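Participant: Spelled out from the first residue to the last, the chains are:
Number of protein chains: 2
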Amino acid sequence: MICEIICVGTELLTGKTINTNASYIAKKMMMLGINMYHQTVVGDNTERLTEAVKRAVDRSDLVITCGGLGSTYDDMTKETVCKTLGKDFVLNKDVEKELHEYFKRQNRVMPESNIKQTYMPSDATPIPNENGTACGIIIPLEDNKQLIMVPGPPKEMKPMIDGTVVPMLMKKSGFVILGRSLNTLGLGESALAEKIRDLSISSQNPTVATYVKDMQVDIRITAKAENEEKATALLDEYEEKVRKLVPQEYIFGVDYDNIEERLVEVLKEKGLKIASAESCTGGFISKRITDISGASSVFECGVCSYGCNIKEKLLGVDTISEYGAVSKETAAEMAQGVLALSGADIAVSTTGNAGPDVMEGKAVGLVYIGVATKNKTETFEYSLALGRGNQRNNVRTNASTLALYNAYKAAVNL
Amino acid sequence: MICEIICVGTELLTGKTINTNASYIAKKMMMLGINMYHQTVVGDNTERLTEAVKRAVDRSDLVITCGGLGSTYDDMTKETVCKTLGKDFVLNKDVEKELHEYFKRQNRVMPESNIKQTYMPSDATPIPNENGTACGIIIPLEDNKQLIMVPGPPKEMKPMIDGTVVPMLMKKSGFVILGRSLNTLGLGESALAEKIRDLSISSQNPTVATYVKDMQVDIRITAKAENEEKATALLDEYEEKVRKLVPQEYIFGVDYDNIEERLVEVLKEKGLKIASAESCTGGFISKRITDISGASSVFECGVCSYGCNIKEKLLGVDTISEYGAVSKETAAEMAQGVLALSGADIAVSTTGNAGPDVMEGKAVGLVYIGVATKNKTETFEYSLALGRGNQRNNVRTNASTLALYNAYKAAVNL
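From first to last, the protein sequence lines stand for chains X and D.
Per our numbering, the very first residue in the first sequence carries number 1; after that it's consecutive.
Per our numbering, the very first residue in the second sequence carries number 1; after that it's consecutive.
Because the hints were derived from the structure by calculation, they are not lab data.
Errors might be hidden in some of the hints.
Copies of one chain are not kept apart here, so a pair can be met inside one copy or by any two copies together.
16 Å max Cα-Cα, derived EDC-like pairs, lysine to aspartate or glutamate [unchecked claim]:
# : residue 1 : residue 2
1 : K116      : D94
2 : K116      : D88
3 : K374      : D345
4 : K172      : E226
Given the structure is predicted, the values throughout are model-derived calculations rather than measurements.
Using the sequences and the accompanying hints, generate a full structural model.
Facilitator: Structure, rendered in structure tokens:
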């Protein structure tokens, strides 16, 4: 099957909006094993949309349009597409009823302009929208082809794709596709890819591939089978194969978005509390821990000791004059200091040079991380400047990731 | 003039890469007053690229292709485009020399595969690439049309667009376009748009429009004139007009990316130091301040007092049992506490409910911000939950923005 996406919206052509919808939908089609050869963007313009739809329906089996389903005069995707396809355009009573109820729930009366959102071809199937007033529409075409229209706002589009379009396509295809990600940290992408290379190359189903986000490298296993049970069995089998190739210490979880999610979970499971003392990361670690809802049960105290004075006064660091603020000694004392101050079980600290300039003779990207528990303090040294130009954002992001990772490892062993 | 973008890359069709290049280039064209009606994505495929190029050259005056200029066998944009346009394809001696020097600077010998990157039509103009081996190419076409090829990696593409393509198009057009953004906070976009509506509607040159990023609303003035002096005069004139319509208190700067950049600058100018005490924002404020390089001269201390215990012990808050942790009293005491602890001139604090659940009977999104100086403590109350679903990220982002904004206002008045 060949799928094609047409995104409709002048805001895409002026660059005001980045086209994240196309990649979101493309990923889902990829996962379903559906090929995609074209993506097109046109503005809210009848002539150009007509031309794009004609071409797409001609060369592809599944056409997904995205955007232009609103209630205002410049939303013309539905009218234009139906006219182009030679379809009738009638009021759908069920959708009308739904829409009235949608407004009623908000104690509002439906404005007259919204009635246009209830029109569609009589052989079309509406896709409900829980986050807005524009329903999606599935239109059957000749030769077993289909055209699907979804609204442009991601929070309306995504639930329709995930909740209706993907399950429908999966059912139509007669097989299910399941994925699983082994989350790793500590090994670079190329080193990791090298370890799983033979498996990756030799295996068509499941597929095994690496995906990088900042320092985290996920090993994604995707299996296709006639039912969920068989797909799960394939995933289990290949997860075991991958685990034989990658040292266990680098794998921190399965299907987590990031290390902070996993860290907070481990701390909760073990009834442990964590505290942070940050210099070069400037609060990024505590921000990331508290991004996770429910973090309050494992995190009470973070100190951002950006100045030497505060490192000394609040955390009791007393070797700065001897080793400098960017040193493993300072990292260790910061972690110990905030451990005592907070009464937490684990404390993590960072001190380093995020750039842009060399500082105390320490290179941009040099970062020390400390992890302290009641009985033990460890320190880690990293060089995190990866390229040219301003490395500040990279260094800080990667330093906070590695700090969270080392704290996670300490938590696991506690 | 009508421009069209063709992005080439299988990674876009699989959704692995979000197409940020198209919006980057589109914005520049918009700024130059060049219309865009189509954007297309095709894979690294000769047949489909040929078809896309033919159609684009036919219907547009300026075609920009992006991607597929690498040295490997699957990079075929240049060969395909030149063949489609009926152009010859010869080695460019200057580019070859440049490329050898590029490798020499890195103490490497140029691999043979890179020689293909020196080929282009004999009437083409190369665009130098300081961040990679693929030069860009400008090809003149009949009817005063042009086709421009740039590489796909953003760090290579952007300098070519900004350094060569935009100046060339500006020169060709015979006018210059300059922009200026008045940065505002504290008024919503619709309220702000309402204030400048008549000016916005009546003015064609300069154009006046609003752009939102999180809570910050920029009023962007874009002027077109025959030279820089005249364009600047237009900007000055319209900046004055805008300032008459928008209360001065909401405008925090001109051409700043964000409020933390402006805050750090004001603190530096005035020789002031700031400290933070964060609860619901969990370190986001200190993270944002220290995002700015050079922040160490104005920021030494942040406390993330996520637990009540730490608020009391470290910051001396003593009214939690009476008013609850989410209260203006706690916000005030947190700010006063960290002011005393740090010895800073200004302290800013946050306490609130970021969600997902109601807490102490306080609604999701209720946030108190405190700003303390030696002689005065102010508190601010906000309701920051804006829609349905998990509001945690919104609430925390907006709370940190408003905290930085209120701290900025205090710094200005100090």
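Participant: Run every hint past the structure and note whether it holds.
Facilitator: Each hint tested on the structure:
no.: 1; hint: K116 to D94; in the structure: within (14 Å within a copy, 60 Å between copies)
no.: 2; hint: K116 to D88; in the structure: within (14 Å within a copy, 54 Å between copies)
no.: 3; hint: K374 to D345; in the structure: within (7 Å within a copy, 36 Å between copies)
no.: 4; hint: K172 to E226; in the structure: within (12 Å within a copy, 60 Å between copies)
No hint from the list above goes unmet by this structure.
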